[in-house]
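Asks: Each chain is listed here by its residues.
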Amino acid sequence: MERSLDIASRTMLEVAQRRGITTVWDRFQAQQPQCGFGLTGLCCRMCLQGPCRIDPFGEGPRTGTCGASADTIVARNLARMIAAGTASHSGHAKHLAYTMLKASRGEAPDYPVKDEAKLRAVATRLGIPLDGKETQTLMGDVAAAALAEFSEKETPLAWAATTVTPGRVQTFLKYGVVPTSIDGVVAEVMHRTTYGTDADPVNILLGGVKCALADYAGMHMATDLADILFGVPKPVVARANLGVLKADAVNIALHGHNPVLSDVIVQVASEMQEEARAAGAAGGLNLVGICCTGNEVLMRHGIPPATHSVSQELAILTGVLDAMVVDYQCIMPSLANVAECYHTRIVTTMPISKIPGARHVEFREGHARASAREIIRLAIDAYGRRDPAKVNIPDHTSTALAGFSSETILGALAAVNKEDPLKPLIDNIVSGNILGVCLFAGCNNVRVTQDSGFLTLAKELARENVLLLATGCGAGAYARHGLLTSDAAREYAGPGLAEVLGAVGQAVGLDSSLPLILHMGSCVDNTRAADVAVAVANKLGVDLDKLPVVASAPEATTEKAIAIGTWAVAAGLPVHVGVVPPVLGGPMVTKVLTEEVKDLFGGYFIVEPDPKAAAKKLVEAIRERRSGLGI
Amino acid sequence: MKHIFVRLDRCTGCRECELACAVEHSASKELLTAIFETPPPRKRLYVESGDGRSVPILCRHCDDAPCLAACLSGAIYRDRAREGVVVQRADKCIGCWTCIMVCPYGVIGRRLDGGRWVAAKCDRCPDRAIPACVEACPTKALVYAEPEEWARMARRTVATTLAGQEG
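Residue numbers (numbering that gives the first Met the number 0), protein chains in the order written: chain A, 0 to 630; chain B, 0 to 166.
Rather than coming from a laboratory, the hints here were simulated on the basis of the structure.
Any given hint could turn out to be false.
[As the list claims (entries may be wrong)] Chain B residues, not near chain A, derived (Cβ > 12 Å throughout):
1) M0
2) G49
3) R59
4) D63
5) G108
6) R154
[To be verified] Selected chain A positions facing chain B (Cβ under 10 Å, derived; list incomplete):
7) V14
8) A15
9) G35
10) D54
11) P55
For each residue, glycine too, the CB sits at the ideal point set by N, CA and C.
From just these sequences and the hints, can you work out the full model?
Replies: This is the structure we're talking about:
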């Protein structure tokens, strides 16, 4: 199997091989064959009488020591994955909420409100009275409302209840899956899955759905608060891939997730260009992004994304990366090992996320700019220790047009029809110019040739006139392969889709069409796409489970992806996953997730590793919904 | 002829060898599809618990094989083309279970073949250079080696220990 379809990644993998540097692909190989009980979800480690394993071939034990069945064990393991994903997304949101609270009290002066309109829009949606409040006060109120979402209360999560369709609210109430506290429901999953508690697989799965809806709320909150503090993304053009690293500049990669850190580094860097030049770097400071914090600073500042997900180690192999600054999530501990062979400094910044072998500079929101300057100076200092013999920058970049927040998309549609912005989108869906909509999300996964799932699915669906949206490392893959361009729209879009992308592009004053795929942000930003779908559903007076909208994570890796997939199913969407999740050991759980859940929520999982077959299934799902709507 | 030897101190009882064996004897040879096959594929080695330790028990492909001697229908035979491994033809098995009765290791089981129960024994993975169980073992507790090679390994371990004690 090819390791990656990305030319720059492949070039760097040759360097790795030549220099004997171990990467994620080698380590994955060394893990083969992987444990079959783990792969099927049939290992239970939740008490000290275990670990227990169920024989998937039916010869050995059919229950764990406590009597838990295969389905019970699989459901419990899955629910805990959802809880971990929820804790991660909402931890990110909570970090933003605390930053905002401190800012409102004057304790974090480097975080002023960047987008007043968004602040007022979010406050209004939450029912917080505006009545002539100062920005600072309102900011404090929204932060307090956000933090209240994590605590015990008796009302549904506001960030979920105020952002979904009325029909969804009724469905969630009907099945008892309305979360009232984000931290509370994460704890509830841990409780119900502990020794001798919930043994009913369906009840456990519904508990997982409830937790996933808290994940949705946390993600929506994260996007809202980041937009308030750092601005709502607007269309922006950048180059993407490892070729954005510069031989004559101090290169700093921003890796991880939260703009609380990365956005401030971007702000401060513009003031420190001279310092970098004084150290001998004629090109000054060159910031690049990796993974989703890369998406955050791409969307808001046009910072070029260098690489994503499984190829993160390869940025170091260019020999010109002076520092990699990380916060949390998706940061491989191996970075510190790879960096040992180079001058690159790995800088950890968060108290909950340290890596042996990395330099830790604790980032303090109260002194954000000072922390950012300290980190940048570490990079400038490392620049002087670069080994020219190890410099090897792959000569490969692509153009990427990003910045498609829901506000940007609705704004673009308003350029076509000012009075009724959603009308052009709906009309084109009805006419069949747009067959449906697919949101691509999720990671790369070392099991899959990097980007192959994303590329095949996008090309197949575009040909069928499916409007494509993307977030996270999926959007990153499209950026690196030049699919976030109007050229790609010309090359791959079916005639109906090409016409719509072209017309909207013209209306917003682009010389050409909108890009083939609209980059909506980082992985925490998936609710931007949900917002557009909810607006369309509300306008049509139908619920989300009727819309010809699907989602796909062809190369999913993280527990966060499992949480996202689960709320997307609960939202009513058919959700494709290209990597088999550890559930097949539970026959009933598998059937519920792929079939029976449809009767409850309208959405369901499509597990299909072959991207061409997956594209067919997604098109079928879209067509089924179209005929349900009579279009 | 190579045999599968067990480094008893290394077995953690994970049962990966058992799973790999069943998968190797499935139609699809892929875990995630094999678990849905009917009849379910059957393993031919067993991790047992003895004296508080995990012990993989495998067919020894004995030179004087009791199962072969006891098989009245001629289903069990020695495959000369494959260094004399003791294997079985399902179509000749009459399901008398005499082989199960006489195997001192208890490593012959039963499986469904075309709606009929037949004996299931280790075939040393005819499609593989290294048996599936050996390849699957994450701690390398299973060693596929010539008996002389195994014995030499054991001698070297002892030699190192003795030399160490001498100081």
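Asks: Please write out, lowest number first, the hints stated earlier that are contradicted by the structure.
Replies: 5, 7 and 8
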